[in-house]
Amino acid sequence: MTLAASTSAFLEQRGRAGLQLLGSLQAYAGSALLARARSDFEAHAPTSAPRAASWPPATPEGWRASLDDTRARAEKSLAYRYNRFFQRWVAEEQYRRGIPATERRRARLDVPLTPARHSARPSRLILDPSLRMPGWYAGVEWHLQLGGYDGYDLASPMFVAGIGRFIFSRGGYAAVPVGKDIRAHRAQVLQQLDNRSPRRLYDMGCGGSLMLTMARQQFPDAELVGGDLSAALLKSGLAMSEALGAGITFRQEDACAVAEADRSVDAVVSFAVFHEMPDEVARRALQEMFRILRPGGQMVISDPPPLRAVSPLDATVLDWETENRAEPYFTEAAIRDLPAMMRAAGFVEVSERSLDGELSYPWITLGKKPGQEKK
Amino acid sequence: MNRTARRPDRPYLASRESDAAALVSTQLMTELWILKDRVAVLERLLEERQVLSRTEVSEYVPAGSFAEELDRERDAYISRVAGAPFNDETDIEALRRESDVG
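Chains as they are written, first to last, in this note's numbering: chain A, 873 to 1247; chain B, 453 to 554.
Just chain A, same shape as in the assembly (with noise of 0.2 angstroms):
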């Protein structure tokens, strides 16, 4: 197991000023070009009526309808190409960039954290050597990392030392406006649980532990489980999570098949994880939460926006995504109706809204398990 030994574990000039004008110039597609294509955009309204009359449309075949409309209307602006371009060579150069600058690192980088002393708390790492990756998920190099979440050893510590301190961190990416700090946003998710002493609370698709390490902030009591696919983002999360002292259980798991009893946790979290799930898996992802959840427990997502709550032109830079940065189920799971999913599964109480009125990002979307626990 090893991991960026701390932040102090730097990059050599090369790598840290390659990936740090990736960050500069991500956050000038981010603000200014994309700033000029807005305006560009309403300039170039239709005189005619466009194919879909209406904003949002009602069906997936509406949407690419006027998807493809405003995709061809903001193709008219150069600042719009350009913006794309740039993120698109962004997206592909950081690893690029990011490997060789983590290699010429290696000695520092691949060390093992070191657990922090007399912590009362362990934390556990659980794998499925036999677990098979379901058929959306294998193979695909999300947003265009190399082999994938678990292709290259050092991906942790490049993230931690360059290209999460370099480049996300500057924000302009997605729905990720310039500015805004994601870590930030996960905290933010996690205080919007009712339940402010939750027994036992488990992240659905948990990665690493930032979401697992900021809930142990939240909530000190708690029993905090994650689970997800990847071996290496868990190994990751646990060194992590052995460092702080956090307490953590990580699980390699299906979030359609996870190893927890009937109604057994009082609260489930999920960030930017569904919009990497076809329709039918989130339908079962949801329902296999649904199971987990004692009654009156809350289930809390957080994801990018869906399309109808933001504009024309936001819709197009997201739809982006799907076919550009390796997410193939972005724009599918921009359009579903989340609340409606969830109702589906049970849950009641059901509501959405953005947790920044103004950018729509981040989204959370809340429902809970109806009934009581009996004492």
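Since the hints were derived computationally from the structure, they do not count as laboratory data. One or more hints might be untrue.
EDC-like, lysine to aspartate or glutamate: derived pairs with alpha carbons at most 20 angstroms apart [unchecked claim]: (1) K948/A <-> E499/B; (2) K948/A <-> D1186/A; (3) K948/A <-> D461/B; (4) K948/A <-> D912/A; (5) K948/A <-> E508/B; (6) K1052/A <-> D1228/A; (7) K488/B <-> E500/B; (8) K488/B <-> D471/B; (9) K488/B <-> E508/B; (10) K488/B <-> E884/A; (11) K488/B <-> E525/B; (12) K948/A <-> D982/A.
Incomplete in silico selection of chain B near chain A, CB under 10 angstroms [as the list claims (entries may be wrong)]: (13) R455; (14) P460; (15) W485; (16) L487; (17) D489; (18) V533; (19) T542; (20) D543; (21) I544.
Idealized CB from N, CA, C, for every residue including glycine.
Start from chain A and add chain B according to the hints.
Below, chain B without anything else, positioned relative to chain A:
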């Protein structure tokens, strides 16, 4: 491990040719910044430590193994910049090997 996610066929700019030209210039922009950053770092350190003046740097002529090192670096640089439009197949092993070049 090769990248399997392919670029879409549709160009980002007006044509595949303009995408190619923009890739070259974007790579150049990145490499130029790395260089500017490095020079700024060097000048700062040299000044702080009173090691040498800017004139001494200007007058220096590379020779021997240092000249050969610069040759290798320049070749890799050309491959990265001029080859940018054709650099859509990425390979982890090749990137590991790149760590030998500055």
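Okay, the hints, checked on the actual structure:
| no. | hint | verdict |
| --- | --- | --- |
| 1 | K948/A <-> E499/B | violated (50 angstroms) |
| 2 | K948/A <-> D1186/A | holds (16 angstroms) |
| 3 | K948/A <-> D461/B | holds (18 angstroms) |
| 4 | K948/A <-> D912/A | holds (8 angstroms) |
| 5 | K948/A <-> E508/B | violated (52 angstroms) |
| 6 | K1052/A <-> D1228/A | holds (11 angstroms) |
| 7 | K488/B <-> E500/B | holds (18 angstroms) |
| 8 | K488/B <-> D471/B | violated (25 angstroms) |
| 9 | K488/B <-> E508/B | holds (19 angstroms) |
| 10 | K488/B <-> E884/A | holds (15 angstroms) |
| 11 | K488/B <-> E525/B | holds (16 angstroms) |
| 12 | K948/A <-> D982/A | violated (47 angstroms) |
| 13 | R455 | holds (6 angstroms) |
| 14 | P460 | holds (5 angstroms) |
| 15 | W485 | holds (5 angstroms) |
| 16 | L487 | holds (9 angstroms) |
| 17 | D489 | holds (4 angstroms) |
| 18 | V533 | violated (12 angstroms) |
| 19 | T542 | holds (6 angstroms) |
| 20 | D543 | holds (8 angstroms) |
| 21 | I544 | holds (6 angstroms) |
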